[in-house]
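*Asks:* So you can see what is in the structure, the chains are spelled out below.
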Amino acid sequence: MIKKTNILLGIVFLSSWVWAGWSSNGGNNSLDKDNIWFFGQEPIPYCIMTSSSAPPKGAVQMMIQQSNQKWKSFFAKYKIADSELPTFANGTKSKPTLELKLESNCTEIEVACGSQKTDVNKCEQLLADKILFLIGSPNQVVKNYLQINGSAMGAAIRTEFNNKTNRSGGIVWISSANSSSWDVNSHMILHEMGHIYGMKHDSTWVMAENVAKLLNQTFYSFGGLGMIEAPNWPYSYSSGDVLFFTDKRFADVGSPKGFYKNKYFLDTIALEFLEFQPESYFQIKGEIIYSSYSQAHVKFTFEESPSGKMHSFEVRLDNVMGAEERNAPQIYSKWLNEKNDQYFSTKKLDKGWVSNSLMGVADFKGEKIAIKLERKKGLILSIHFPKSDRWLHLATVQYDWD
Amino acid sequence: MKTTLINKLVAGSVLGLILVVPQSHAFLPTVTSLENQAKKIIMKERASNYKVKTKDDQNSCAQFAGTWKGTCEENGTKRESEFKLEQTACSSIASISKDESGNQQRTTIDLTGMGIKSETQSGVFFSLSYALAGKWNSDKQVITVDGSALVNSPFMSSLQKMDFSIQMMKDGNDLVTFNKSTGNSDGDHDTSCRYQLVK
Chain A
1 MIKKTNILLG
11 IVFLSSWVWA
21 GWSSNGGNNS
31 LDKDNIWFFG
41 QEPIPYCIMT
51 SSSAPPKGAV
61 QMMIQQSNQK
71 WKSFFAKYKI
81 ADSELPTFAN
91 GTKSKPTLEL
101 KLESNCTEIE
111 VACGSQKTDV
121 NKCEQLLADK
131 ILFLIGSPNQ
141 VVKNYLQING
151 SAMGAAIRTE
161 FNNKTNRSGG
171 IVWISSANSS
181 SWDVNSHMIL
191 HEMGHIYGMK
201 HDSTWVMAEN
211 VAKLLNQTFY
221 SFGGLGMIEA
231 PNWPYSYSSG
241 DVLFFTDKRF
251 ADVGSPKGFY
261 KNKYFLDTIA
271 LEFLEFQPES
281 YFQIKGEIIY
291 SSYSQAHVKF
301 TFEESPSGKM
311 HSFEVRLDNV
321 MGAEERNAPQ
331 IYSKWLNEKN
341 DQYFSTKKLD
351 KGWVSNSLMG
361 VADFKGEKIA
371 IKLERKKGLI
381 LSIHFPKSDR
391 WLHLATVQYD
401 WD
Chain B
1 MKTTLINKLV
11 AGSVLGLILV
21 VPQSHAFLPT
31 VTSLENQAKK
41 IIMKERASNY
51 KVKTKDDQNS
61 CAQFAGTWKG
71 TCEENGTKRE
81 SEFKLEQTAC
91 SSIASISKDE
101 SGNQQRTTID
111 LTGMGIKSET
121 QSGVFFSLSY
131 ALAGKWNSDK
141 QVITVDGSAL
151 VNSPFMSSLQ
161 KMDFSIQMMK
171 DGNDLVTFNK
181 STGNSDGDHD
191 TSCRYQLVK
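Chains A and B are the protein sequences, given in the same order. Just so you know, we're using my numbering here: the first sequence kicks off at 1 and counts up by one. Just so you know, we're using my numbering here: the second sequence kicks off at 1 and counts up by one.
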């Protein structure tokens, strides 16, 4: 959900006839709240409703199709859907559903789930295995949700998870506050669709919980709207990816795009070691050579502008912190073990996921350089140069805003 | 009359504006203020979330120039449509279409984010002002045109306003457009069109 205020976590009950059966990503502490919504080969059926203030319906459909294509490519990149899962209690083994199909007749859903007079219970029944993209004025289901969680620019509100079919629909609502901006609307739809596919807040760029702050696209040189990952906020590490650690624009008027002023970040020892000038600018990139669950081989490149001077070195980074929270898509449901006993459990689809915190020591110019690479609301790179009395610490996205 | 005038603004071709050419009588007051009002409505809609790049990548944008022919659909009703687009690099686009009388209408829209096109037509019985503003999205693949039209007449109890938004992009080799207008006397209009290049 895109939020202007922080979500209040915890169990929240309204009178049962209003709220019964609805749950929401991030809105309560049910074990299935972060579930991927749909499993199986059958495409996800969906309808679109737009209010007067919303973009044209055809435009919304185009945004949904484009967003879905991006999510499919993302899942394919990390092979997320190939994650090993046991057999469901219904005897099936199935993967997340990544195909959508526009319903030919949405009249009944439009009547029950409309903004004018919502029949909450009927709407829930109709959306048990379908999705309604509601763009513009919120209906009563959305209003109830906003009343609990505070104002927002969008929300993905799922019906109660069906652990018999493992297919559960709901409402994806986008406020039409920015109806004239194709990029903003596309980004918001991309974010909310991420919840359908089990993506958690802050797991990658588009899923930033405070994305409302990030909608000013001039703040970052790479643009960012309409992208699932960003060079400074990937979901994980994949061979060939290039990470970008100096992308936040600072107020220094003369900074080239993607470069930081040397003297503001590099102490005298670092400047001497790198042979950089205080009044020039530097950029750091990291190319992923190889990655696995708890390791990444990275080639770091330091570049100075305007001199063009460059230094590169490779380093192996390992997870030395041990067990950690994996923010991969997941499903809490009922499964069958080898003895055909049924049991409830959360399974993570974490294929392609690499540890959030990696450390290593690089050999460069005959010296040892300590490096720590983290993913926490964006990339955080920490480097200790030899003989320096402090670390170079670069937090790329939201870290400074917490 | 109001319905006919306002609906003509979004009928027919995507960007072609069909205006009734009036007699030049200065019967109605505040022609200039109507135009300014329309401009203000546009600026309020488009002021945020768009930054202009006037120097780099000006030639890196979707190309829409050509004569396009296709079908528009609204609520299951289809109609044929044809119009011509001329494009000047990434800075402006012009729509050329024929009105109901067969006269050619040309509308040029600035896409640099710096210009709002506005015009007022006034006559004995009415005054019509419209304002248009166009912009690219961030990767210059989608054009959005926001418009506002105001009609004033001594025969109407209040100023009538209509807003419309047009989005245009390529889908493969096809040109697709999405048009929405609100404030019409006969309700909102939401139209999707798909065109193929004729020449």
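By construction, these hints were calculated from the structure, which means they are not laboratory data. Mixed in with the good hints there might be a few duds.
Claimed, not checked - Computed from the model, here is a short list of chain B residues facing chain A with C-beta under 7 Å: (1) F125; (2) T182; (3) S192.
Even for Gly, the Cβ is constructed at its ideal location relative to N, Cα and C.
*Asks:* What hints, given by number in increasing order, does this structure fail?
*Replies:* Violated hint: only 1; rest satisfied.
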